[in-house]
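Participant: Starting from the structure of chain U, add chain B with the ligands where the hints point.
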Amino acid sequence: MNELLRGMLNGDTFALGRLITMAENEQLELGALMRQLRHRLGRAYLIGITGAPGAGKSTVTARLIGLMVETGLSVGVIACDPSSPYSGGAVLGDRIRMSQHTLASGVFIRSMATRGYHGGLSPTLHTVASLLDAFGKDYIILETVGVGQTELDIANIADSNVLVLTPHAGDEIQAMKSGIMEIADVFVVNKMDRGEADATVEDLQGVLRMRRKAGNWEPRIVKSQAVEGIGISDVFAAIELHRRFASETGLRDRRRRISSKEAFCRTLDEVLMKRIRKAVTSSAEFSSYVAKVESGELDRYSACDELLADKRMWRAMCGDPPAS
Amino acid sequence: MGTMAGNSRKVRVLLAKSDQDAHDRGIRYIAEVLRDAGVEVIFIRYRICEEVTEIALQEDVDVLGMGFYSSGYEFDIPTILEALKAKGKALKFMVGGIISGDEVPKLKAIGVDAIFGPGTPTEDVVRFVAH
Ligand SMILES: Nc1nc2c(ncn2[C@@H]2O[C@H](COP(=O)(O)OP(=O)(O)OP(=O)(O)O)[C@@H](O)[C@H]2O)c(=O)[nH]1
Ligand SMILES: [Mg+2]
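Protein chains in written order, with our numbering: chain U, 1 to 324; chain B, 1 to 131.
Next comes chain U alone, as it looks inside the complex:
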């Protein structure tokens, strides 16, 4: 790991690519990795881009990359697509829309599958973002399909959240009244060439007006045609406005604190779950209860209660206390 880390910190994309894989597969000690990165974190600005399938997130992202590169800024992209719940495989199709930037200096794009976190994002996303941060990126863009839990997850990680909509999203906007509306800092009504973008903007304004609160960030709404790059500089400007607001009001720090806490809790959940499940399912008691449930001798709830009430089980789960 140390050699890869050194390579990565010297700007080697191969080493960065390897480390991301290892983090994703949990093939290295993540605690040790994070300790090594610690003093290099916190510089990059994280932009979350979410929205319905096909809304134009990748095309918007590609255009934003273009603007950033023109200004001499470096950018890392994490493009998430859902894993198939049936096979665990995935077709990661975002990057093809960003291909004009493959060789642009300062651009690193990584496609990532969600890998079965119940519709949410894998906690490793946080780690991958940290790697890109330590690599020295000015911006990190996280693209995720906005379904269910993912948009909430991304909102916790990103400094600014962009929601990409399309005209005709009227029903969607009504349905969005709670939840996602609070999360988005910038609304992009993309595909303005395909229908009544102005009506969609008005719908949005209507909903946002009702939620306006003094002192809070007032979300911006921008129209775009991402394929032609129209409106993208307005999107970037709106993000930068939010960035300034968030840093002046302490919002950014507050979000980062929440994000750190969330990530910690999620990691803790995961570690606990793995450890306890392993202890339980490898015990002889577990096998005997499986047999009882299979034969119908005992229902599953009673089996859980009895199994977990067993003193030996308790010891297997908790183990001996740590030495020090």
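These are computed hints drawn from the structure, not numbers from a lab. Keep in mind that the hints are not guaranteed to be accurate.
Said to hold, decoys possible - Covered, in the sense of this in silico footprint (three residues per stretch, anywhere, with C-beta under 8 Å from a C-beta of chain U), are these stretches of chain B:
#, region
1, 36-44
2, 49-63
3, 70-81
What the hints assert, rightly or not - Listed next, the stretches of chain U that the computed footprint assigns to chain B, with coverage defined by at least 3 CB atoms under 8 Å from CB atoms of chain B:
#, region
4, 90-104
5, 241-247
Keep in mind the model is a prediction, meaning the values are calculated, not measured. Just so you know, even glycine gets a beta-carbon here, dropped at the ideal spot from N, CA and C.
Facilitator: Just chain B with the ligands, lined up with the frame of chain U:
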């Protein structure tokens, strides 16, 4: 101890097709077959070989698959293989599409691991990628 479980390894594949080849139905179909076999697939179209190499590194793929329906492979394949080697990036390399018979030994000699002509059963591709 710590959080080191090493549980969710997945095979990652990059499927690349030249921009000059109009025909990408085949390679898209293979992408779906591989997804259904539990593989993570990235599909790209490229203009120049450097793009393929750079993406293989950024995405850290285990397998690179390239499809050719018109000529171009005589130049692209060795160029990409060499660039990957120079970077120290090891991967399995498969080529699909229309490759003339007498080219096969040449390609194998420079480091192509598998060549799948038209009509290859998809199971063969899955077996090559996933094992
Ligand atoms: N007409 C029109 N088409 C657009 C616009 N922006 C994107 N598209 C097209 O919409 C399709 C989907 O665009 P993507 O950028 O891949 O959308 P996405 O939200 O990233 O899609 P997923 O990641 O699959 O959810 C592509 O064919 C784009 O070319 C736009 O402003 N106008
Ligand atoms: Mg996309």
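Participant: At a Cβ distance under 8 Å, does chain U reach at least three residues of the region 49-63 of chain B?
Facilitator: holds (count 8)
Participant: Three residues minimum, CB to CB under 8 Å: does the region 36-44 of chain B make the cut for coverage by chain U? Let me know.
Facilitator: holds (count 9)
Participant: Quick check: do three or more residues in the region 241-247 of chain U have a beta carbon closer than 8 Å to a beta carbon of chain B?
Facilitator: violated (count 0)
Participant: Quick one: see if chain B covers the region 90-104 of chain U, three-plus residues with Cβ-Cβ under 8 Å.
Facilitator: Since 9 is at least three, the answer is holds.
Participant: Between the region 70-81 of chain B and chain U, are there enough contacts, at least three residues with CB-CB distance under 8 Å, for the coverage claim to hold?
Facilitator: Coverage by chain U is violated here, the residue count being 0 at a Cβ distance below 8 Å.
In terms of the numbered hints stated before, the structure departs from hints 3, 5, listed from lowest to highest.
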